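First to last, the protein sequences are chains A and B. For the numbering used here, count along the first sequence from 1 and bump the result up by 2. For the numbering used here, count along the second sequence from 1 and bump the result up by 2.
Worth double-checking, as some hints may not be accurate.
Identical copies look the same in the list; a pair holds intra-copy or inter-copy alike.
Stated by the list, open to error - 25 Å max Cα-Cα, derived DMTMM-like pairs, lysine to aspartate or glutamate:
1. Lys139 - Glu99
2. Lys7 - Asp137
3. Lys7 - Glu134
4. Lys139 - Asp9
5. Lys139 - Glu100
6. Lys112 - Asp9
7. Lys7 - Asp154
8. Lys247 - Glu321
Calculated directly from the structure, the hints in this document are not laboratory data. Quantities reported herein were computed from a predicted structural model and do not represent experimental measurements.
The primary structure of each chain is shown beneath.
Protein chains: 2
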Amino acid sequence: MISGKIDKTHGAGGSETSGLIEEIFREAFSNEYLDGLNDSAVVPGGNRLAVTTDSFVVRPVFFPGGDIGRLSVCGTVNDLLTSGATPYYLTAGFILEEGFDTDDLKRIVKSMAETAGEAGVKIITGDTKVIEPADPKEPGLIINTSGIGFVDSWLRIFPSEIKPGDSVILSGNLGDHHAAILSERLSVRNEIRSDAAPLTEMVSHLIKEDIDIHAMRDVTRGGLATILNEFSLTAGVRIRMEEIKIPVSQSVRAFCGLLGLDPLYMGNEGKCVFIIPEKDEERAVDIIRHSRYGENAVPIGRVIEGEACVTIRTAVGGERVVGPLYGEGLPRIC
Amino acid sequence: MISGKIDKTHGAGGSETSGLIEEIFREAFSNEYLDGLNDSAVVPGGNRLAVTTDSFVVRPVFFPGGDIGRLSVCGTVNDLLTSGATPYYLTAGFILEEGFDTDDLKRIVKSMAETAGEAGVKIITGDTKVIEPADPKEPGLIINTSGIGFVDSWLRIFPSEIKPGDSVILSGNLGDHHAAILSERLSVRNEIRSDAAPLTEMVSHLIKEDIDIHAMRDVTRGGLATILNEFSLTAGVRIRMEEIKIPVSQSVRAFCGLLGLDPLYMGNEGKCVFIIPEKDEERAVDIIRHSRYGENAVPIGRVIEGEACVTIRTAVGGERVVGPLYGEGLPRIC
Chain A
3 MISGKIDKTH GAGGSETSGL IEEIFREAFS NEYLDGLNDS AVVPGGNRLA VTTDSFVVRP
63 VFFPGGDIGR LSVCGTVNDL LTSGATPYYL TAGFILEEGF DTDDLKRIVK SMAETAGEAG
123 VKIITGDTKV IEPADPKEPG LIINTSGIGF VDSWLRIFPS EIKPGDSVIL SGNLGDHHAA
183 ILSERLSVRN EIRSDAAPLT EMVSHLIKED IDIHAMRDVT RGGLATILNE FSLTAGVRIR
243 MEEIKIPVSQ SVRAFCGLLG LDPLYMGNEG KCVFIIPEKD EERAVDIIRH SRYGENAVPI
303 GRVIEGEACV TIRTAVGGER VVGPLYGEGL PRIC
Chain B
3 MISGKIDKTH GAGGSETSGL IEEIFREAFS NEYLDGLNDS AVVPGGNRLA VTTDSFVVRP
63 VFFPGGDIGR LSVCGTVNDL LTSGATPYYL TAGFILEEGF DTDDLKRIVK SMAETAGEAG
123 VKIITGDTKV IEPADPKEPG LIINTSGIGF VDSWLRIFPS EIKPGDSVIL SGNLGDHHAA
183 ILSERLSVRN EIRSDAAPLT EMVSHLIKED IDIHAMRDVT RGGLATILNE FSLTAGVRIR
243 MEEIKIPVSQ SVRAFCGLLG LDPLYMGNEG KCVFIIPEKD EERAVDIIRH SRYGENAVPI
303 GRVIEGEACV TIRTAVGGER VVGPLYGEGL PRIC
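Required output: the full structure, derived from the provided sequences and hints.
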């Protein structure tokens, strides 16, 4: 039976590694593909594959509203969804720091399994390594997940499809995840919880209802400003946001005011921005609001002709350019 | 232009991250899928997918015969091959320690690209994070690769297919990678070089020539002894090796003698063990020897009826049980 602390033997490839896999990972993730005995999982294929990978290094590994395990599933699932793919399979690569607690690992793995269930994906293969801890007093872990999905061949969801006149819709409040992590790091007590969530329902409803999505992206590292700048450059259009419409919760707004943070550059883990034709705007907002995690969806701006850039119209009527994120941001938020 | 040291901004998701991706990864890996602008790569699909993931944490990151980049491609490609799949696509997740040199990163990425070319795979999507270094004097990196391949539906390569009478064939000398890494760590001067290599040619030749492979596995962490024990348990058979036939180079043998290491438990990164029917033995050895990296292939033992266990017949005629790896092994060899 596995208990106590992780040590190097858990990553050496011998019997302790087998024990760890059997007792912790296979126990939690059990499915017909993972239960095979080869190093690769073999799964039924489809027509067009979507593939993505993401490593999760967030500290602390547990935080209000989630943990690194939930994050590692949401992040990769949302990357697949926003590529227009239906997520099917995840891989899980664990890089464990020596001294990490096996009970904490079990909690994280359980959280991954639950989130995978909610998102409708299966974790089909994995790998474990153990390394020295950066801080021996607080050993942590890193999780890499790669995702595989299938794409309906008629979908064309690319930033290059964005056209002047399109509406910019945000699926909910900005800044929750970033502010939750930072609050934990600073030991600030507040009500803020990470928004970490798989957006399977929201995106699949929009596609099923034939909303003509031109582009979509989950709003993670770099924040909304960075994504809209990428969109604007790729499509060669101007994107104008209305400051008054950007949804931010009272507690996050207060927290940001205190620290001088801008929600436009903060990372989220359960928010998506959609660019869609104006004619679909009302219907799309309605569909998102009736989907899980989309209750605060709102149109926040519009694509207009002009030099590629992103601007925001302030509450008092001014308009300023909003660049992409420069510099550090907060490291290890995901 | 990227130069100098990696810092946290390279992982923050802003413009410095884009610069890193553009100038280092996309430059080296460029292909029609990776060059898309979404977070996932979309690739043409097939009938049955093979999926695998592996994280590479080896220290030092450069060593005689290879580097962490070459390793990260070989390991994942070989996992796909030994599942009976033709490798097609790799993902690459980079976890960089702050302070790591960008020139070293370029070298590693170039090595990955070259090895991918040799192995016949494309790296189609990636991710970058930056973390604090465990040892600020020697910042390193971790690479996760996930692999996707397609499986011909008629192939049945599983340890459960192993039958009494089968021949055990090893594709070459044991211990080179493990001994090369350990020599570097101990600053021992010798001729030993890692065997890191993609086994695409060897495995595809065997399959094309209709060799009826019952099981195969690349001999990595845990060594040959651990793999044969897994095979033996899964198939419920005894596997007997002949000590005199196990191929080990003179220099590795000398190195092992000095340190009391057993090549049966040492990790390799370009060796494969095949279990095939006796009738195919001669032909299979011939095919492997005429394939790249297979020149020292040799039959090393046989599957026999009896209680599941692995034994070795020594040069003087004794026979002893060979268990799987227990305990630490050498950490961070892959």
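* 25 Å Cα cut-off: does Lys139 pair with Glu99 within a copy, between copies, both or neither? -> both (11 Å within a copy, 19 Å between copies)
* First find the shortest C-alpha distance between Lys112 and Asp9 inside one copy, then the shortest across copies, and answer within, between, both or neither for a cut-off of 25 Å. => within (21 Å within a copy, 33 Å between copies)
* Asked: Is it within, between, both, or neither for Lys7 and Asp154, if the alpha carbons may be no more than 25 Å apart?
  -> This pair counts as neither: shortest intra-copy Cα distance 45 Å, inter-copy 42 Å.
* Asked: Quick one: Lys139 to Asp9, C-alpha cut-off 25 Å, is that within a copy, between copies, both, or neither?
  -> both (14 Å within a copy, 23 Å between copies)
* Asked: Between the shortest in-copy and the shortest cross-copy C-alpha distance, which are at most 25 Å for Lys7 and Glu134: within, between, both, or neither?
  -> both (13 Å within a copy, 22 Å between copies)
* Asked: How would you classify Lys7 and Asp137 at a CA-CA limit of 25 Å: within, between, both, or neither?
  -> both (15 Å within a copy, 22 Å between copies)
* To do: Measure nothing new, just compare the shortest in-copy and cross-copy C-alpha distances for Lys247 and Glu321 to 25 Å and report within, between, both or neither.
  => within (14 Å within a copy, 78 Å between copies)
* Go through the copies and call it for Lys139 and Glu100: within, between, both or neither, with a Cα cutoff of 25 Å. => both (11 Å within a copy, 20 Å between copies)
Going through the hint list in order, the structure does not satisfy hint 7, though it satisfies all others.
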